[in-house]
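A.B. asks: Listed below are the residues making up each chain.
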Amino acid sequence: MDLLKVALYLLVYPGLLFLFVYSTFVEWVDRKLYARFQHRRGPLYTGRAGLLQPIADFVKLMAKEDIVPSSADKPLFNAVPVLALAAVLTSGLLLPVWHFTTGIVSATSFPGDIIVMAYLLSLPTFAYFLAGWASASMYASIGAVRVLTLLFSYEVPMFLAILSPAVMAGSWRMAEIARFYQLHPGYLPVNIIAFAVAILALQAKLERLPFDIPEAETELVGGTFTEYSGRKLALFRLLTDVQMVTGAGFLATLFLAGFPGGLVPGFLWFIAKTLFIVLILSAIRAVTARIRIDQMVNFSWSYLAPAALLQLVAVIIVKGYLP
Amino acid sequence: MTVDNIKTTLEQSLPGKIIELTHPSARVMFLHVAKADLVAACTVLRDQLGFYHLSTITGRDTGDKLEALYHFARSGMTLTVRAQTERSRPSLPTIIGVYPGATFYEREVHDMVGIVIDGHPDLRPLVLPEGWPDGIHPLRKDWQYNREEGVIK
Amino acid sequence: MSLRLGAMLPEVFRHLFKRPATVLYPFEKNTVPARLRGRPVMDPDKCIGCRMCERDCPAEAIEVTQESETRTDDGKVKRRFSMVVYVDRCAHCGQCEEICPAKPDKAIKLNEFFEEAAFDRGALKIVYK
Amino acid sequence: MSETFVLPVGPQHPALKEPTSFRFKVDGEYIVDADLRLGYNHRGMEKGCEARTYVQDIYLLERVCGICSNAHMTCFAQGVERLMGIEPPPRGVFIRCLMGELERIHSHLLWLGVAGHEIGFDTFFMYTWRDREVVMDLLEMVSGNRVNYGMQTFGGVRRDLDGMQIKTLLEGIAALKARTPYYLNLGATEPTMVARIAGVGKLPREKAIELTAAGPTTRASGVDFDVRKDDPYAGFGDLIPFTIVTDNGCDVLARVVVRAKEMMASYDIMEFILRNLPAGEVRTKAPRKVPEGETVSRVEAQRGELIHYIRANGTDKPDRVKVRAPTLANWPSTLYMLRGAYLADIPIIMAAIDPCLSCTDRMAVISDVRGGEKVWDWETLRQYGIEFHRRRGIRP
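Going down the list, the protein sequences come from chains A, B, C and D.
The letter at position 220 of the first sequence is residue 207 when you use the working numbering, and the numbering goes up by one with no holes.
To get the working numbering, take the position in the second sequence, counting from 1, and add 203.
To get the working numbering, take the position in the third sequence, counting from 1, and add 779.
To get the working numbering, take the position in the fourth sequence, counting from 1, and add 7.
No lab work stands behind these hints, which were simulated from the structure alone.
No residue lacks a Cβ here, since even glycine has one placed at the ideal position from N, Cα and C.
Keep in mind that the hints are not guaranteed to be accurate.
As the list claims (entries may be wrong) - Keeping only pairs whose Cα atoms sit at most 30 Å apart, straight-line, the calculated DSSO-like set for lysine-lysine is:
| id | chain 1 | residue 1 | chain 2 | residue 2 |
| --- | --- | --- | --- | --- |
| 1 | B | Lys238 | D | Lys214 |
| 2 | D | Lys296 | D | Lys209 |
| 3 | C | Lys825 | D | Lys296 |
As the list claims (entries may be wrong) - Here are some chain A residues pointing at chain C (derived, C-beta under 10 Å):
| id | residue |
| --- | --- |
| 4 | Arg23 |
| 5 | Phe24 |
| 6 | Gln25 |
| 7 | Ile271 |
The shape of chain A in the complex, shown without the other chains:
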């Protein structure tokens, strides 16, 4: 019975199947919003209103020829997309999207899961670096170096930002943090700066405009993914979508009070809150130009990191006056 339950967790909900379906839906929402922001229509024909377009793209890429450059580090080149996808899929399991009661500590909800989650979300970045490095291509190598530079600039603000709601709630467990804010919604606005920093850091983590510096189509062709094609590229694209879902779910748990009310209302809350974050991410993508890597480093160390620190100090002060 337990085995069946674990298999259900892993493969159906909130594991593979759910994440696959929902992440393609989120990609559709993102593309549609981006298109409408730009006065276009976005995907139209595959499925109703183009809903199946991301899936069609995925299937199409899976069927395409898969080329491995002869000078590439083949085992690494092949392994990286799978490993990275596994990491983000695991992070999906940690999201408190079922009727997890805060009392029960389980494999998917335990004290300290917030840290595990943050690291699982960081793994793809290292995968991108390895992918670029293993490609042994000029563009991919430059992309790989930029991935690391980018990582060093957004990772610290990201960690500082997710620290403040945790400090406020006095817990390292996502379910408990969400529960704290469900009970005291008045404390949510305290974390507003951290929320903004985390949104920007997530945008950078997802390598979307204005932070798509490692991919930078007009400069580096495809950046780290230049040499990837066919199945592996499909996995990478799926990975980015899943990462967007779990990242959005992560931020929604920490900053928007999670998903209360049992299975059905909790699920609806999850959809609503992640889509809200996706809307913000799309809007950021629509209104900015790609900045340069040196500007990015400057920006994050002179604005993002100090803002996150300021937030942390503010949280500690507020916490000191808490009854």
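Start from chain A and add chains B, C and D according to the hints.
C.D. replies: Leaving out everything else, chains B, C and D in the frame of chain A:
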């Protein structure tokens, strides 16, 4: 600066070096100088007459000689300097000392008409494809290209 | 001028509620203007056989050939010409229509047809007899 | 960190809309040296002109470039008119000028969009290109085509305007005139955009003159070099008033500003033309043979000074036609700007001169340099491709 002013200045600064100076239509002038006087003429144009802009260099095959036409421009006048060279061993001095922007134009002339630009630092082919045979210059009159007729069934 | 973060946000959100500017081309078609330079069409009844169009065509897409020569009752010679237009080469410049000296009406005209795509190049060789 | 390596950009690269080849010597994110190779887009037009009649040539030269087709046509037409000794009637001159300015608007809007795309600002790109449809529709209405308008001919223009069209043109121009300041404003206030274009691609005034830059590139470096003023044509100078826009910024931002302001100046020119259109014919009759002679004809195309040298030998075919499109004039200054720049700034610096490579590469006929077949069928091409990649160690 009127046409007469330009004429007098040129005659004073390049005494005996002007082979021909014509003014066929409004704001267009042609000046023919010998190959050896080309750089001197360019210097006079830039320093004394204010032709700060070099529009381009045209290479041309006149039949028995090859010539290069240097089109200079200033407000209200386009002046073309013509310099000819023999067909057997065509060469002209470079003018990039006077007009640094001429470098690509000179390489183009070298490619298309085959005039060797003496003193040019870098005469690699600019516009002709890699593997183009040496000594073939498409804009010479004796080079003909015959297109095959496309046949539609 | 000062910098404004998200200067484009209001404009972008306004467009969320506007009808998209895209035209769904193969399904919806814009009307073409009356002066559109489409495919050249020849009327053999009006052609006088001067071959000006053939001479001036920059794409060498026109061939005019004499089909028949008949003598009418009043002794005039009446020639009939046919024309081949290679639409795959045609540049749609309209020089043929412009140069055509046939009176009172030009023998070659450009119509409003512009969707010239075809799978077979042979389909673009059009004969007017 | 003094390790440098060579980064190829082109012949095929997403930053390039047409094929050319750059070799950048880069040190990390900095460019140490830049080299350029042209000629991937040769169509043999100059040679082709010698084999065709003047009437055919005007349509051939129109197709030197899709964006500045009207500029090439105007330049060739006025040069040949000068050799023929004919003058177009005033109405023809006004319509010729109108076409040039409409084309300038369309090109500058296109450029704004491309510049946005090169720095990853796709929303900007979509909006400008949407607004560009307005001017494209106007051009289509007047000439019957969205590109390659075919309006100019020897002795005037080929089509007249009627009252209805003048009304539509004025409405379209008013709509664009209301819209253009938004882009100018956006380019100067959006922080990420300003971060990418301000201070990038510096070209000092002296260098712009020395390296014979042309068009908005040199005007953004503070040089008031504009053929419409220096060598007035198509009614500029005496009939049609206009203003030259210059800026002293010397960077990409200044080029955006110059182009946006130039569009505003163009709207004024067009409104003047449409309100003061003289009556009468639009063209005079031109002979088919051109008397012997030579001339130089210049036009201020959207990208800068365009120059044609035409030599006639008394027949109906020219002896030599030389075309120098503005892009070639701007390459030396581009290489200058690229040296020492950031890797990430390559696309925008290149885009800032509004390069048109099909304009630049038009002189040689690529004949069968590999020997043998001239027309490659699909199978041969495929085999060649496989062979090519195998030699480079990529297994198909």
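A.B. asks: Now tell me, hint by hint, if it's right for this structure.
C.D. replies: Hint by hint, here is what the structure shows:
| no. | hint | verdict |
| --- | --- | --- |
| 1 | B:Lys238 - D:Lys214 | holds, 28 Å |
| 2 | D:Lys296 - D:Lys209 | violated, 48 Å |
| 3 | C:Lys825 - D:Lys296 | holds, 28 Å |
| 4 | Arg23 | holds, 5 Å |
| 5 | Phe24 | holds, 5 Å |
| 6 | Gln25 | holds, 7 Å |
| 7 | Ile271 | holds, 8 Å |
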